[in-house]
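**Q** For the sequence shown, full-length UniProt numbering assigns the number 1 to the initial residue and increments by one for each residue that follows.
Possibly wrong hints are sitting among the right ones.
Derived Cβ-Cβ restraints for the label pairs, each shown as a range [as the list claims (entries may be wrong)]: (1) 53 with 10: 42 to 50 Å; (2) 7 with 39: 39 to 47 Å; (3) 54 with 32: 16 to 24 Å; (4) 38 with 5: 45 to 53 Å.
Derived by calculation from the structure, the hints in this document are not laboratory data.
The structure displayed is predicted, hence computed values, not measured ones.
Beta carbons: idealized from backbone N, C-alpha and C, even for Gly.
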Amino acid sequence: MGGLRGGANLASWAVAGTLAYYLWVKPARDLQREQEERAALAALDDPYRYVEKRKPIPDPQETGLIYGNKNKGTRKQEE
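Throw the hints in and build the complete structure from the sequences for me.
**A** Okay, structure coming up:
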């Protein structure tokens, strides 16, 4: 890696961190805040509109299919 030592290394990390914050983190937070404000205003306009507030529960099956390779034995037992 680089040849900077001591204070210069710390200063370069501080500059890089500041740039990263203002170029990536802050705009992403501002965008998320604006989207939440828009969603709140839309919810006030239509209080009966359904909004999903939880993440969906993952499929408990091992393969994600109704009858996958691992469930062939259970299919024969069900019939």
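**Q** Taking the earlier hints as the rules, which of them does this structure contradict?
**A** none
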